[in-house]
Amino acid sequence: MSSIDQAGKGNQGEIRYLTPLDIATKDKKKYCMFKRSGIKYLDYKDPDFLLRFINEQGKLLPRRLTGTSLKFQRKVSVAVKRARHLALLPYQADMLK
Amino acid sequence: MYFCEQFLIKYMNHYEAVFILNPVLSDDQVKETVKKFEDYLSKKGAEIISVEHWGLKKLAYPIQNKKSGFYNLIDFKAPPTVIDSFEIELRRDERIMRYLNVKLDKFADAWSVKRRERNTKKA
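Protein chains in written order, with our numbering: chain G, 198 to 294; chain F, 19 to 141.
If we strip away everything but chain G, and leave its shape as in the complex, we get:
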């Protein structure tokens, strides 16, 4: 261990990564917006809001991208499917956003 410490102090020209560099590897922590803002019910009649959970082709975005908790992801998917049935949202689309 001592020799490594010396090397770290001594030659600064050489690049050594014994201690991790503080590069931001992680973005801000994702959070479930429903839990945070206290929304209890998702309305299928409001397609503009549901647009947040849909990609450009009208597909549902995965939880790992939106950060929604499992409980609300289920509600999102039901709401989007209802909206699609009523032609408030398209089943398939291009350049939705």
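Check each hint, because a few of them may be wrong.
Stated by the list, open to error - Listed below are the simulated BS3-like cross-link pairs for lysine-lysine, each with C-alpha atoms no more than 25 Å apart in a straight line: (1) G:K232 with F:K95; (2) F:K124 with G:K268; (3) F:K139 with G:K294; (4) G:K232 with F:K124; (5) G:K278 with F:K85; (6) F:K139 with G:K278; (7) F:K84 with G:K294; (8) G:K237 with F:K139; (9) F:K85 with G:K237; (10) F:K76 with G:K256; (11) G:K272 with F:K95; (12) F:K139 with G:K272; (13) G:K232 with F:K76; (14) G:K278 with F:K121.
Claimed, not checked - Here chain F is said to cover these stretches of chain G; the calculated rule only asks that three of the stretch's residues, wherever they fall, bring their Cβ under 8 Å from a Cβ of chain F: (15) 232–240; (16) 273–287.
Please keep in mind that the hints were generated in silico from the structure rather than gathered at the bench.
Being a predicted model, the structure only gives us computed values, none of them experimental.
For glycine and all other residues, C-beta sits at the position ideal for the given N, C-alpha and C.
Please build the complex by placing chain F on the supplied structure of chain G, with the hints as guidance.
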């Protein structure tokens, strides 16, 4: 029979029906059809809370080769036995292109009250 009715009244659920009417209809015909279903529900012992007309809206995809339709929403409380016959009635009517009946849970119930308040404020 009397007992049965009492039972049904006790277990009324909150429902919401949205249906899309054919855009070819005139305004009077639209009102008439909505009235027809309102009457049907109240005849079956349902209690209508509110009726909303969203007017002629563009559809996200064509239904029966039509690109727009009249959206209508009926909010009502009814015993669960009514829904089956109500859906058959909706399906029989040619003027209706699409419909959706949803039972509202307690959160949805709270939201519908809030939504109605907001709508009345706007109007």
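Taking the hints in turn, this is what the structure says about them:
For the suggested pair K232 of chain G and K95 of chain F, the alpha carbons sit about 29 Å apart, so the restraint of at most 25 Å is broken. Under the criterion of a C-alpha separation no larger than 25 Å, the hint pairing K124 of chain F with K268 of chain G is consistent with the structure, at around 16 Å. Pair hint K139 of chain F plus K294 of chain G does not hold up; C-alpha atoms about 30 Å apart against a cutoff of 25 Å. Straight-line distance between C-alpha atoms of K232 of chain G and K124 of chain F comes to about 17 Å, which keeps the hinted pair within the 25 Å bound.
At most 25 Å may separate the alpha-carbon atoms for a hinted pair to count; K278 of chain G and K85 of chain F meet this at roughly 19 Å. Of the supplied pair hints, the one linking K139 of chain F and K278 of chain G is violated, its CA atoms being roughly 30 Å apart against a limit of 25 Å. Restraint check: the Cα-Cα separation between K84 of chain F and K294 of chain G comes to about 23 Å, which is no more than 25 Å; the hinted pair holds. About 22 Å separates the Cα atoms of K237 of chain G and K139 of chain F, which keeps this hinted pair within 25 Å; it holds.
Simply put, K85 of chain F and K237 of chain G have alpha-carbon atoms about 33 Å apart, too far for the 25 Å limit, and the pair is violated. Taking the CA atoms of K76 of chain F and K256 of chain G, the gap is near 20 Å; set against the 25 Å cutoff, the hint holds. A threshold of 25 Å between alpha carbons decides the hint, and for K272 of chain G with K95 of chain F the separation of about 23 Å falls inside it, so the pair holds. Between K139 of chain F and K272 of chain G, the direct Cα distance comes to roughly 28 Å. Violation of the 25 Å bound is thereby established for this hinted pair.
Taken as a hint, the K232 of chain G and K76 of chain F pair is broken in the structure, with Cα atoms around 33 Å apart against an allowance of 25 Å. For a cut-off of 25 Å, the pair hint linking K278 of chain G to K121 of chain F stands: about 15 Å separates their Cα positions. Closer than 8 Å: that is the beta-carbon criterion, and the region 232–240 of chain G has 3 residues meeting it against chain F, so the requirement of 3 holds. For the region 273–287 of chain G, the proposed coverage by chain F is satisfied: 8 residues have a C-beta within less than 8 Å of a C-beta in that chain, meeting the threshold of three.
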